[in-house]
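Q: Next come the chains, spelled out residue by residue.
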Amino acid sequence: MTKRITLPITDEDIKSLKTGDSVLLTGTIITGRDAAHKRLYELLQQGKELPVDLRGEIIYYVGPAPAKPGYVVGPAGPTSSYRMDKYTPALLDLGMKGMIGKGARSQEVIDAIVRNKAVYFAAIGGAAALIAKSIKKEELLCYEDLGTEAVRRYTVEDFPCIVAVDSEGNNVYRRG
Amino acid sequence: MDIRIIDAAAVTAAVKKLFMDCNYFIGSDIMCALETALHTESAPVAQSVLSQIIENDRIAAAEQIPLCQDTGMAVLFVEYGDKTAIDGCFEDAVQQGVREAYEEGYLRKSVVSDPVFDRVNTRDNTPAVIHTRIVPGDKIRITAGGKGFGSENMSAIKMLTPAYGEEGVKRFILDTVRAAGPNPCPPIVVGVGIGGTFERAAQLAKKATFRPIDTENPDPRYAAMERELLEEINQMGFGPAGLGGKTTALGVNIETFPTHIAGMPVAVNICCHAARHASTEI
Ligand code: SF4
Chain X
2 MTKRITLPIT DEDIKSLKTG DSVLLTGTII TGRDAAHKRL YELLQQGKEL
52 PVDLRGEIIY YVGPAPAKPG YVVGPAGPTS SYRMDKYTPA LLDLGMKGMI
102 GKGARSQEVI DAIVRNKAVY FAAIGGAAAL IAKSIKKEEL LCYEDLGTEA
152 VRRYTVEDFP CIVAVDSEGN NVYRRG
Chain E
11 MDIRIIDAAA VTAAVKKLFM DCNYFIGSDI MCALETALHT ESAPVAQSVL
61 SQIIENDRIA AAEQIPLCQD TGMAVLFVEY GDKTAIDGCF EDAVQQGVRE
111 AYEEGYLRKS VVSDPVFDRV NTRDNTPAVI HTRIVPGDKI RITAGGKGFG
161 SENMSAIKML TPAYGEEGVK RFILDTVRAA GPNPCPPIVV GVGIGGTFER
211 AAQLAKKATF RPIDTENPDP RYAAMERELL EEINQMGFGP AGLGGKTTAL
261 GVNIETFPTH IAGMPVAVNI CCHAARHAST EI
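As you go down the protein sequences, you meet chains X and E in turn. According to my numbering, the residues represented by the first sequence are 2 to 177, in order. According to my numbering, the residues represented by the second sequence are 11 to 292, in order.
Think of the hints as simulated: they come from the structure by calculation, not from any bench. Misleading hints may appear alongside valid ones.
Claimed, not checked - Straight-line Cα separation of at most 16 Å, EDC-like style, residue types lysine to aspartate or glutamate; simulated pairs:
1) E/K119 x E/D134
2) E/K180 x E/E110
3) X/K134 x E/E73
4) X/K69 x X/E139
5) E/K119 x X/E169
6) X/K69 x E/E110
7) X/K69 x E/E114
8) X/K118 x X/E169
9) X/K39 x E/D128
Said to hold, decoys possible - Derived contacts from chain E toward chain X, CB cut-off under 7 Å, selection only:
10) L77
11) N131
12) D134
13) L253
Fair warning: this is a prediction, and the values are worked out from it, not measured in the lab. Backbone N, C-alpha and C define an ideal beta-carbon position, used for all residues, glycine too.
The following block holds chain X by itself, in its conformation from the complex (with noise of 0.2 Å):
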């Protein structure tokens, strides 16, 4: 069965989200991966203010591709979680209450997830022409200069994706 969720994502959808459950997102998700995360850090290590706000958010680990003319965005799947994961603990502990990326986390991110009632959705790697499709709205938000790696706002429709960590910690990769 496939639940729709309604952004911003509320403590009650969170809890009743189950590893295993597809879901289709709408609302709005900010986008960052590897260069915005370590900047991002950075800022939280030295006490200073983002220059965007996470609280209640969702974060895509992606770097789209450049949008050919009369398209919104380009192909924009997800990138590798784990090359986060050095910095997603302290992001939930901010506040944020999701990430959406592939493959497995570490410990310490599961653990930030229970900590904090997060959850960690996986949308489908390789699937960039698809997942675009219901991107309906982009809109810079920092990072102009990271160029892909930029942090943007996108207005989703019936994003796909999986729960891949719900909030009580259980995993969906298994381990081979």
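Chain X is fixed; fit chain E with the ligand onto it per the hints.
A: Same frame as chain X, now just chain E with the ligand:
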């Protein structure tokens, strides 16, 4: 001796087309394997992931947009005929083709100038990695692909010694695939290079990922190893997108080279289902 003169612009145009084509159009070998896998899978999540990947690849081809946003670092294998000469600079012509493909083809620029310190985007996806071999003839044959790093990062090389034997080789390959788990966008293509020296093994592994998966190693012993490894990998259970299932890999390709009496290097280059490569002859 007759030397064929090739215009540098022809090289640029050919390279440009290769990179645009391989990023928009998935190979028929991969498409067939995905469709077969869709019938093999029984878990609804695995089926759903596979049908979304198939739909994705159809959209990309129909709209001529990249099938994955990571359009990769450009890698080329060039077989350069020794009876040809370039009117211009071959290396520049290739890099220009890459530049034009990534700029005009709406491909993502993913290359940084310096690996450790600057990490500033070169903004045109150059430089490409070019492997050149001089061969007899008056043609230039190029196989090119964009290599995404979600899967590239999961690759590994090991200098095994002869005593490890066939079992040791297989164990290292399986361990590498297991360690990669759900990260490299399964179903994957596993490229293996065995023999040669340290760098030759790695190069062979990359070359193996560029070989269509509906072909097999001409040596029946390695062909059998390809089949056995594929079967064992697909028992690991990672499945499409790592969400569980029977299809962790679509193919295993092994390439070999003679090696030293004391060595048995094995390199495993992991490629995702977006296994993009295309070939042309000038
Ligand atoms: S690993 Fe391959 S399919 Fe996955 S995001 Fe990277 S290039 Fe795309």
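Q: Please write out, lowest number first, the hints stated earlier that are contradicted by the structure.
A: 2, 5, 12
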